[in-house]
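Chemist: Work out the full structure: start from the sequences and follow the hints.
Number of protein chains: 2
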Amino acid sequence: MKSIGIDVGGTKIAGVLLGEDDQVLAQDKVATPAQSAQAIIEAIVAMVQGLQVGHEVAGVGVAIAGFIDAKQSTVMYAPNLNMRNVALKAILEDKLGLKVFIENDANAAGWAEYRFGAGRGTQNMLMVTVGTGVGGAIIADGQMFRGGFGVGAEIGHMNFIPEGKECGCGQKGCLEQYASGTALLNAAKDLLRSNDASAAGLRQICADPEKLTGSDVYQAIQAGDIAVLGLLKELGFTLGKAIASLTALLDPEIVVIGGGVSVLGNQLLDPIREAYLAHLPARGFRPELRIVAAELVNDAGAIGAADLARGHLGSR
Amino acid sequence: MKSIGIDVGGTKIAGVLLGEDDQVLAQDKVATPAQSAQAIIEAIVAMVQGLQVGHEVAGVGVAIAGFIDAKQSTVMYAPNLNMRNVALKAILEDKLGLKVFIENDANAAGWAEYRFGAGRGTQNMLMVTVGTGVGGAIIADGQMFRGGFGVGAEIGHMNFIPEGKECGCGQKGCLEQYASGTALLNAAKDLLRSNDASAAGLRQICADPEKLTGSDVYQAIQAGDIAVLGLLKELGFTLGKAIASLTALLDPEIVVIGGGVSVLGNQLLDPIREAYLAHLPARGFRPELRIVAAELVNDAGAIGAADLARGHLGSR
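These protein sequences, in sequence, are chains A and B. In this text, residue positions in the first sequence follow my numbering: the first is 17, and each later residue adds one. In this text, residue positions in the second sequence follow my numbering: the first is 17, and each later residue adds one.
Hint data in this document are derived by calculation from the structure and do not stem from the laboratory. Fair warning: there could be bad hints in the mix.
Because identical chains cannot be distinguished in the list, a pair is counted as satisfied if it fits within a single copy or across any two copies.
Simulated crosslink set (DSSO-like; lysine-lysine; CA at most 27 Å straight-line) [claimed, not checked]:
id, residue 1, residue 2
1, LYS249, LYS181
2, LYS87, LYS18
3, LYS249, LYS188
4, LYS227, LYS205
5, LYS249, LYS205
6, LYS87, LYS28
7, LYS205, LYS188
8, LYS111, LYS87
9, LYS45, LYS28
10, LYS181, LYS205
11, LYS111, LYS28
Modeler: Following this line, the structure appears as structure tokens:
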């Protein structure tokens with residue numbers, strides 16, 4: 017049966033109507049009214065009602081950038097959406113008259129990649145999302161791995177450097193502080209500030225470290241700037257080391273690299289693969305996984321949420 | 017139905033006959049003939065045949081200290097047993113005329129703890145085995161988590177210190193180098209070598225760092241030696257930090273600490289709990305897990321293997 021998926025992020029809310037043949041039949045997008053949980057809930061309801069017109073829908077999946085409880089009913093903590101302990105499933109079911117399932121947004125995007133993207137045909141997948149932060153999703157034996165309290169797969173908050181850089185989560189040295197798009201931008205800002213001769217190319221694009229943006233960094237990479245490519249390579253090495261360590265624990269068949277930085281393709285993937293192989297425990301005595309780029313760039317979170325909802329309802 | 021479990025370690029082979037009421041009806045133990053895979057296979061066959069006398073048995077689970085493939089049929093690599101790519105399932109089924117399932121030994125012991133020990137009643141458990149090395153097992157949604165190639169949950173080979181101490185797996189800085197019983201013994205040897213005044217108590221038990229044993233260290237701990245208790249506390253802090261980082265990824269409901277060092281109980285668990293809470297990402301915004309000692313000390317691997325075998329055969 018058809019289902020609806022809504023992906024609620026800090027800046028935008030995206031929705032899809034997913035057909036029985038796995039095609040996206042309709043989609044919608046609005047800016048997130050982040051001032052209040054109430055306004056976000058109203059925006060979700062309006063989007064579902066709009067996508068639903070003229071269709072019979074099995075249920076709704078809602079992907080949320082935050083901690084969701086193990087019962088997939090309550091948003092425990094979503095700082096960017098001003099939500100804390102919101103019983104979102106019950107509230108939306110009451111307003112919509114449809115079955116609703118809440119899911120973490122990184123989990124939903126990973127699920128879409130597993131079902132329809134780069135992870136198709138595998139049973140054990142690790143998704144690493146490299147964007148503003150570092151997120152993740154784990155598929156184990158064909159099932160979404162959520163953890164005991166629903167808040168697992170937070171790869172970005174694994175410790176990478178003992179007593180390292182401070183992280184917003186309250187800890188120090190989290191992977192996210194070294195391997196995110198934000199970390200890459202900060203490294204480029206430091207390069208500008210260094211007055212090093214190698215910063216000349218980047219300085220031509222933007223001379224002020226305070227004003228440097230991610231797209232400036234992207235432009236320097238596209239122009240083949242040696243110094244900025246070096247920073248990207250470092251980022252890839254960091255991710256590859258982390259993936260090697262995660263492999264000891266999770267042993268996936270495939271690692272899918274997604275998020276904004278993954279559009280750089282092999283410029284990011286090659287150093288990841290190199291560092292992964294160099295740091296893999298017991299290399300040579302175990303099968304080696306594949307590391308590939310995500311295939312679904314747009315609406316992955318909404319598509320994954322829609323598919324998970326119909327899966328819960330046994331109507332996939 | 018009844019089933020048989022055999023746990024093949026580097027020093028001994030232990031076997032149990034598990035009854036329908038989960039009681040151990042018979043058990044056996046022999047030294048491991050580690051000189052050849054062939055001799056080990058013959059010892060397993062003899063033990064199964066001995067335990068089987070007079071009983072109808074559904075199948076046999078064999079726990080092996082090594083890498084097992086995802087199909088649970090081949091021992092890919094078990095250095096302490098001189099096995100590499102041994103089709104153990106087929107060989108044993110041929111000799112025994114019974115269904116056989118191969119499992120990693122840490123997984124089997126973790127499964128026993130989940131079914132009959134400290135993990136009873138949970139659905140998501142992490143077992144951390146602190147012995148000669150650091151091993152682990154993951155139960156996810158009530159299922160054994162094996163990974164895509166069957167070699168997951170190798171907690172001891174997660175990176176703990178970047179470019180840290182060399183590990184037998186070929187990498188540097190693995191958790192096992194800092195948090196195992198061997199690491200504790202090495203730290204005690206270093207204390208003896210230091211000629212520090214605080215080593216006086218330990219020196220009375222054994223003055224020669226080359227001859228110091230694990231039971232000497234245990235004796236010093238039981239005697240309340242301040243310096244050695246400090247080393248144990250450090251070990252606990254290390255484990256607690258690692259568990260906090262693992263929690264970001266696995267989010268278990270419970271962490272069960274097993275292995276030889278776990279007999280120290282709260283002397284080990286208290287510092288683990290303290291460091292876990294101090295290093296938990298997003299503390300205060302998520303439920304907190306319980307950290308407890310393993311309950312099944314003897315034959316956990318064999319009992320877990322027996323229960324897994326009957327589970328595979330649908331005769332639990």
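Chemist: For every hint, state whether the structure bears it out.
Modeler: Against the structure, the hints come out as follows:
no., hint, in the structure
1, LYS249 / LYS181, "both (20 Å within a copy, 25 Å between copies)"
2, LYS87 / LYS18, "within (23 Å within a copy, 36 Å between copies)"
3, LYS249 / LYS188, "both (23 Å within a copy, 21 Å between copies)"
4, LYS227 / LYS205, "within (9 Å within a copy, 55 Å between copies)"
5, LYS249 / LYS205, "within (16 Å within a copy, 41 Å between copies)"
6, LYS87 / LYS28, "within (25 Å within a copy, 44 Å between copies)"
7, LYS205 / LYS188, "within (21 Å within a copy, 31 Å between copies)"
8, LYS111 / LYS87, "within (20 Å within a copy, 47 Å between copies)"
9, LYS45 / LYS28, "within (7 Å within a copy, 63 Å between copies)"
10, LYS181 / LYS205, "within (16 Å within a copy, 33 Å between copies)"
11, LYS111 / LYS28, "within (21 Å within a copy, 63 Å between copies)"
Checked against the numbered hints listed earlier, the structure breaks none of them; every hint is satisfied.
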